[in-house]
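J.: What follows is each chain in one-letter form.
Protein chains: 4
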Amino acid sequence: MAYQSGRHFLQIPGPTNVPEAVLRAMAAPTIDHRGPDFARLTREVIDGLGAVFKTRGHVVVFPGSGTGAWEAAIVNTLSPGDRVLMFETGHFAMLWKQMAEKLGLEVDFVPGDWRSGVDADVVEQKLAADGERSIKAVMVVHNETSTGVASRIGDVRAAMSRAAHPALLMVDTISSLASIDYRMDEWEVDVTVSCSQKGLMLPPGLGLNAVSDKALAAARQAGFPRSYWRWEEMLANNRAGFFPYTPATNLLYGLRVALKMLLEEGLDNVFARHDRHAEATRRAVRAWGLEILCRQEAEHSSSLTAVLMPAGHDADAFRERVLEAFDMSLGTGLGRLKGKVFRIGHLGDFNDLMLAGTLSGVEMGLALADVPHRTGGAGAALAYLAETARRDAGLAASATAA
Amino acid sequence: MAYQSGRHFLQIPGPTNVPEAVLRAMAAPTIDHRGPDFARLTREVIDGLGAVFKTRGHVVVFPGSGTGAWEAAIVNTLSPGDRVLMFETGHFAMLWKQMAEKLGLEVDFVPGDWRSGVDADVVEQKLAADGERSIKAVMVVHNETSTGVASRIGDVRAAMSRAAHPALLMVDTISSLASIDYRMDEWEVDVTVSCSQKGLMLPPGLGLNAVSDKALAAARQAGFPRSYWRWEEMLANNRAGFFPYTPATNLLYGLRVALKMLLEEGLDNVFARHDRHAEATRRAVRAWGLEILCRQEAEHSSSLTAVLMPAGHDADAFRERVLEAFDMSLGTGLGRLKGKVFRIGHLGDFNDLMLAGTLSGVEMGLALADVPHRTGGAGAALAYLAETARRDAGLAASATAA
Amino acid sequence: MAYQSGRHFLQIPGPTNVPEAVLRAMAAPTIDHRGPDFARLTREVIDGLGAVFKTRGHVVVFPGSGTGAWEAAIVNTLSPGDRVLMFETGHFAMLWKQMAEKLGLEVDFVPGDWRSGVDADVVEQKLAADGERSIKAVMVVHNETSTGVASRIGDVRAAMSRAAHPALLMVDTISSLASIDYRMDEWEVDVTVSCSQKGLMLPPGLGLNAVSDKALAAARQAGFPRSYWRWEEMLANNRAGFFPYTPATNLLYGLRVALKMLLEEGLDNVFARHDRHAEATRRAVRAWGLEILCRQEAEHSSSLTAVLMPAGHDADAFRERVLEAFDMSLGTGLGRLKGKVFRIGHLGDFNDLMLAGTLSGVEMGLALADVPHRTGGAGAALAYLAETARRDAGLAASATAA
Amino acid sequence: MAYQSGRHFLQIPGPTNVPEAVLRAMAAPTIDHRGPDFARLTREVIDGLGAVFKTRGHVVVFPGSGTGAWEAAIVNTLSPGDRVLMFETGHFAMLWKQMAEKLGLEVDFVPGDWRSGVDADVVEQKLAADGERSIKAVMVVHNETSTGVASRIGDVRAAMSRAAHPALLMVDTISSLASIDYRMDEWEVDVTVSCSQKGLMLPPGLGLNAVSDKALAAARQAGFPRSYWRWEEMLANNRAGFFPYTPATNLLYGLRVALKMLLEEGLDNVFARHDRHAEATRRAVRAWGLEILCRQEAEHSSSLTAVLMPAGHDADAFRERVLEAFDMSLGTGLGRLKGKVFRIGHLGDFNDLMLAGTLSGVEMGLALADVPHRTGGAGAALAYLAETARRDAGLAASATAA
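Keeping their order, the protein sequence lines are chains A, B, C and D.
Our numbering numbers the first residue of the first sequence as 2 and each following residue consecutively.
Our numbering numbers the first residue of the second sequence as 2 and each following residue consecutively.
Our numbering numbers the first residue of the third sequence as 2 and each following residue consecutively.
Our numbering numbers the first residue of the fourth sequence as 2 and each following residue consecutively.
For the record, the hints were derived by calculation from the structure and aren't laboratory data.
You may find that some hints are simply not true.
For chains that are exact copies, the list does not tell them apart, and a pair is met inside one copy or across any two.
When the alpha-carbon atoms are kept at most 20 Å apart in a straight line, the in silico EDC-like pairs for lysine to aspartate or glutamate are as follows [what the hints assert, rightly or not]:
#: 1; residue 1: Lys55; residue 2: Asp276
#: 2; residue 1: Lys98; residue 2: Asp350
#: 3; residue 1: Lys98; residue 2: Glu189
#: 4; residue 1: Lys215; residue 2: Asp109
#: 5; residue 1: Lys98; residue 2: Glu233
#: 6; residue 1: Lys261; residue 2: Asp371
#: 7; residue 1: Lys339; residue 2: Glu234
#: 8; residue 1: Lys103; residue 2: Glu234
#: 9; residue 1: Lys103; residue 2: Glu233
#: 10; residue 1: Lys103; residue 2: Asp186
#: 11; residue 1: Lys98; residue 2: Glu234
#: 12; residue 1: Lys127; residue 2: Asp269
#: 13; residue 1: Lys103; residue 2: Glu292
Fair warning: this is a prediction, and the values are worked out from it, not measured in the lab.
One chain only, chain A, in its complex shape:
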């Protein structure tokens, strides 16, 4: 790659652009994780995370990745051989299912087309059909990072309620937390899985669980051998501000700052910002004459947009050209979408001009890679951003632009 001036545009759907204030916070000297300053830090981040998860339940922070948090959700609540209900919403749903199988669960896996979210009616049917209550957990991905499709968790919970089924509800919010409205307690979610490097605007290195009392009760019966991921010791130690083993100190420094930023902006504002950027992106995609992977309007992700390449064009060749020419990283197609889609991340620490730069890079890249398209996508996004900025600023609709 030729020398690149200026800032890299990291527009994969996570890891996201980390605010420089967070990066600087992480560069503070490591401190004693058994000392009084550390105890204050622990409590502060645990409290802040609770607000972000919208839960009064328990929050567990592991040194690890989101994949580790998936494993923690399983091994704390279930036993080998348990039956769980999962949905093929995309690559990450597949990976979680494969993990469940590797660990010895029996997965009832509802097939999908990777362009739609979880069908709440199927949830209800499956649970209603489970007269013996053998399904121990419903495990769904809130926002499929591989497809840009967001499932409606409120509807899933409603379906479970209609079926009056006691299964646990476990939700992966890896690319939705702090980007797309998520309400753990309102939706009675039992285990929420998440991580640091998406909406929380940190580098990777923390896996998160938020845990309901019902999940905690399940943990007391769960039969999986477990040690690292055990909630019990975590929660017991956290109460005093400590951890049963050495936590990822410097990421916690960053987390403290990131939480402060999110709560200062206000979660509702954060969600509205992501919604608006996602809508602007979709307008660009449509103006280019390209197809959005997500089929249903109600399921569009506000974190990322996956775009189908025209037949005969390789998405990764396109992405490579964008990286070479414009120093922007776009998300690759994963699993069976390899080469067929590229993904635009528009989550995390982001704003209108970064989005304008991002969409401009896509548009120029399409030209450079000779991908058939119409120009004007970036312009369509701009028009939408300007119009809504006008509205947000409390001004009347513009009449000046010719």
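With chain A held as given, fit chains B, C and D onto it using these hints.
T.: Below, chains B, C and D alone, put in the same frame as chain A:
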């Protein structure tokens, strides 16, 4: 101002966006400025600056600003009452002239319209008319930061040669160095004035002089009282890697990294990048139907573009709206241009997508501020960037975009 | 605590003082973990770690802690119900044993007094007695962080060889790696467990395994359910420079710098430095008239020194006073040593003057906390440091000090 | 130099060890120096500096060094040919005097032995003898960085009052500000000169003036040509939060944090801390059997201690050995003290254990360099530190140490 997510766009024509690698370098612990490691640092940055100035002459680095470097140029080479030739190219030329007068020089100030550069013919006439050789120095601004007009220094030198006049040639390269081609030795410049916070991609805090042997000889005769700005002690100490008083250590750390980046990209590539971004910006301005302040095609600055506001619209109200709505700082109109122009900085650590974001912000801001304009400026810039990126990538012209 | 000026002294035996160059490296923007720059980073750190482990085997880097690396060693190589041989060398040996039991292993746990290392003769006897070869692994802690006792791994291996037993040898080097000489291949260790925040001079957040071919073969038979900690996918992905799930990007930046520092100093010099600081510390302790926990001269740790408090004095009250008065964190007594010992960490990024400050803080703290002792410990350490520095500088023994 | 592990000990009397929180603050992105956030920053640092200078007068912050602030004091208040009274207290007093002469002042220079401060009786005599009131300013160095001698400014003012002389009082506080008690308003100082890199705990790059109304009135009559250093434009612009030319943005970020730290610790505590460390250092020097340069007990500097080398021993050879062996920078002998003294800086961001490390390094260096001395200096300092820490902690005198 409402909470702002994402990166601020610092698009004033300096201070410019500092690369994060430079910022991190500056965060290294301060060291002994009389020790061996420091001596190596000194030599490294002095050598690198010579390459950037394109001179084999002497380079002086002051803790100070570009304004200090202006003063240093004067007090080292001239005497109170000396006559100098200066040109009213804009606000900074005015300020330098006012400084010259405050210090007691007699300034022959050629008036200008703030939309043109130095007229080499006038230089020749003035010098030719100076039979007594009373003009001690011709002092010009290479790139007027207040107007976006670049004077052609090679032409100025040619005019001086034609007049066979022995005056010193002093050039302010504050917003051109490392952005616009500048050739100190080839153009026989005697004193070059510059600073850290523009093309050198550092925070403010360093004033620079590059000095010819002729200027150094003049310094031995110069009558101004001076101490802080004296070159003699600086050069003598620098030879061993040290300074006559405490240098701005941590800025020098950053300078070392910034010079490495510039030389790694290659100065010709740096200049071509700035030229290309400036042309794209002008295409945007014209597409908006707005007027560029600079009158002549051959004098457009590659560092910044000053744009005239339509009559009845205040440039600062527009800038404030852009800052509020899009978290971008644009340059204000200075001196007699106050309220009449805004300036877009496109220099320093910058790339295509940052420029796309910048121009998008201007376009949306024009809409928001109800400034009469046509949409499509950002799009026009994109088209030019894409076409030239294509050429740079060695591809044939595109035929795919509809 | 009153306001504290100056640098905190982090003299727990890990996390250790992180070099500021490592902290700054970690503050670089997060990049795409599927891009070409990342692939280079991966290979660089994996290669560097191999040199530090002194192995040509396989290295695995987990987002996690050392505790996670313990678990990974177990679940990759063994099956529930397997029998393993472990030794009660201290608190961390106990914790590893408890983990093994939680996960379902049958542990033959050789009791110990927490003041001695692994007895190689017992290893030989136990293995010799295991005619059915039911012991699948010998699991030992190289350097007991809770006691400051280092077991001799070469002797353990020799004992296993004498017994001609096929058990795997697994070694925890959490507080020895890059501090105390460790030779994975020479000692035919099968799994080495380590982490980032001790001799590797990073913040916590990485768990490490180094894996022999024999261990890898065992992994193919191992019966534990596992997913996050599976070596197979890690090694397969690492070959191309990638990871099966998102790695802890910014810690890897720091790791690259830390490895460069260690290899630049030279591992033998690193070990010699730790040995010398440990000897100086022991001289101080003896001069104070206090007792070192470690019983045998040949087993003293070079990473840390655990000091017994005189009867009737609480080690934690002493530590708290040192923290209050001198802003230094010392290690607490763990498990059954709670209140009975304090631990002085002298590992990682450390030098003579930091050690002098550390021992001075201990000495002043003893006075402040009214712990019976003789003064002069810090002085005794200084004398040793000066004498050996003299020797290292190639000077004859001094005769000047009176 | 061999590879050095651990933290460098920067124990020159400035630049001092910069707190890492200040370094990290300086690594924040540069912002628009004409924008609203910057205006807040300006006011905050100007206010904080006023508190540190203990003045309700005017504070001016230049991009520059302390040397620049010397020049600013002169050119703003005086005219070429003016007569001033200065005192040969050491190297920096000499340099300031040389600057005054270079700029054209007539200096009445009271000779000194570089081991004593300003003699207030001489001030009174000189002023009393100046019947024509031709002395325009008394210019003194509060703390001579080259000698470790602090002049008593209150006594100088009292002498001036007794003489009822209208001369301005200008004081260099470069190495005393924020380290040694200084009371600008109480002592009716007219111009205080200072800089960033000593007690203010920043890297070099800021020159400071604090200015009384009387000095400001003098500025209106002063005849020196001046531009960069003019107070008038500075003060006028500062009122709105701005600067007449580009300020050193990122150093101001650091200054904001450093001021917060100083005011949080409390100036009285800051001074007491420096006094205590200076006394401990002197006890060490005396225990070594070496001679302190400063002759009078009442004039010992709390920022640094200059130590005379025994005859026949070169201070710089000793310093070099300390740097090589222990990675500590000590201050060199300046001017006529070259080779004869070394200086120990104990100012800025510092604490007991850093001092213990520092003195240990000196003691070991003396041994290594075969400088005749008694051991036990570091121990003597420790005894004093422990005893006073005990008192500060409100404990009775110790009886435990044997």
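J.: Are the CA atoms of Lys98 and Asp350 at most 20 Å apart within a copy, between copies, both, or neither?
T.: Cα proximity of Lys98 and Asp350: none, with 30 Å in one copy and 44 Å across.
J.: Can you tell me if Lys103 and Glu234 fall within 20 Å by alpha carbon in one copy, between copies, both or neither?
T.: between (25 Å within a copy, 13 Å between copies)
J.: Classify it for me, Lys55 with Asp276: is the Cα-Cα distance of at most 20 Å met within a copy, between copies, both or neither?
T.: For Lys55 and Asp276, the Cα distance is within 20 Å only inside one copy (19 Å; across copies 51 Å).
J.: Checking Lys215 and Asp109: alpha-carbon separation at most 20 Å within a copy, between copies, both or neither?
T.: neither (22 Å within a copy, 37 Å between copies)
J.: When no copy is specified for Lys98 and Glu189, does a C-alpha distance of 20 Å or less occur within a copy, between copies, both, or neither?
T.: This pair counts as neither: shortest intra-copy Cα distance 22 Å, inter-copy 38 Å.
J.: For Lys103 and Glu233, with the copy left unspecified, which applies at a CA distance of at most 20 Å: within, between, both, or neither?
T.: between (24 Å within a copy, 13 Å between copies)
J.: What label fits Lys339 with Glu234 when the C-alpha limit is 20 Å: within, between, both, or neither?
T.: between (41 Å within a copy, 19 Å between copies)
J.: State whether the alpha carbon distance between Lys261 and Asp371 is at most 20 Å within one copy, between copies, both, or neither.
T.: Cα proximity of Lys261 and Asp371: none, with 44 Å in one copy and 35 Å across.
J.: Checking Lys103 and Glu292: alpha-carbon separation at most 20 Å within a copy, between copies, both or neither?
T.: Cα proximity of Lys103 and Glu292: none, with 35 Å in one copy and 51 Å across.
J.: Please sort Lys127 with Asp269 into within, between, both or neither, judging by C-alpha distance up to 20 Å.
T.: neither (34 Å within a copy, 64 Å between copies)
J.: Pop the pair Lys103 and Asp186 into one bin, within, between, both or neither, using alpha-carbon distances up to 20 Å.
T.: Neither: 30 Å inside a chain and 32 Å across chains, both beyond 20 Å.
J.: Regarding Lys98 and Glu234, is the shortest C-alpha distance of 20 Å or less found within a copy, between copies, in both, or in neither?
T.: between (27 Å within a copy, 16 Å between copies)
Against the hints set out earlier in the document, violations occur for numbers 2, 3, 4, 6, 10, 12 and 13.
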